[in-house]
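Model the full structure from these sequences, guided by the hints.
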Amino acid sequence: MKGIFTGLALNPTKIKSVIGVVKAYTTRVGGGPFPTETLDEVGNKLQEIGREYGVTTGRRRRCGWLDLVVVKYSTMINSYTQYNVTKLDVLDTFPKIKIAVKYVIEETNEELESFPADLEKLAKVKPVYHEMDGWNTPTTGCKSFSDLPKNAQAYIEFIEEFTGVKVSWIGTGPGREEMISR
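Note that numbering that gives the first Met the number 0 has the sequence shown beginning at 0, numbered continuously upward.
Hints are supplied without guarantee of correctness; some may be wrong.
Across the chosen pairs, the derived CB separations fall in these ranges [unchecked claim]:
| id | residue 1 | residue 2 | range |
| --- | --- | --- | --- |
| 1 | S180 | M75 | 38 to 48 Å |
| 2 | G133 | M178 | 14 to 24 Å |
| 3 | L7 | D132 | 40 to 50 Å |
| 4 | E176 | N108 | 31 to 41 Å |
| 5 | K149 | E176 | 19 to 29 Å |
Source of the hints: derived by calculation from the structure; they are not laboratory data.
Where a beta carbon is used, it is the ideal one built from N, C-alpha and C, also for glycine.
What follows is the structure in structure tokens.
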């Protein structure tokens, strides 16, 4: 984001809103470290419900729980002022939902609350999760924040509290009209 200002000779103070698009869970294409990746039935369920397949290759995307360490880092780098959280409906049937809030390097027990710049260090981390109850209720069809199940509301509010950024839009299905605006 920051390089855009220089390349366009644009004054950064003229930008009033920067929207970060965040899936309600995390995905990754290709190899490399992925601290919240789940290689069990949770990951498979996220892939299937979320239809997480590469557009060009058809390869299955790697899936895992929401990683707020990465989201917070991306927010710092890009100066997001609000979020659009997509695919909340993918989490509708999970009894428990985890959110990574920091990392621990197992060998040294060192806690990292921010995203490490060193890929070797990132490859050694394990996520520390905040666990929440799921909502086991469809969010598809919800038209307002108050229509969402209470635990889904709590999930969105946790993201806001942890990152300090408002969630202005919430995707509750694959259709363009399946978006809550707050």
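Checked hints:
1. Checked against the hint of 38 to 48 Å, the pair S180 and M75 fails, with Cβ atoms roughly 25 Å apart.
2. Against the hinted window of 14 to 24 Å, the Cβ-Cβ separation of G133 and M178 comes to about 21 Å, which satisfies the hint.
3. Distance hint for L7 and D132: a CB-CB separation of about 46 Å, consistent with the stated range 40 to 50 Å.
4. Separation of E176 from N108 is about 48 Å and departs from the stated range, judged on CB atoms against 31 to 41 Å.
5. K149 and E176 have their C-beta atoms about 24 Å apart, which keeps the hinted 19 to 29 Å range intact.
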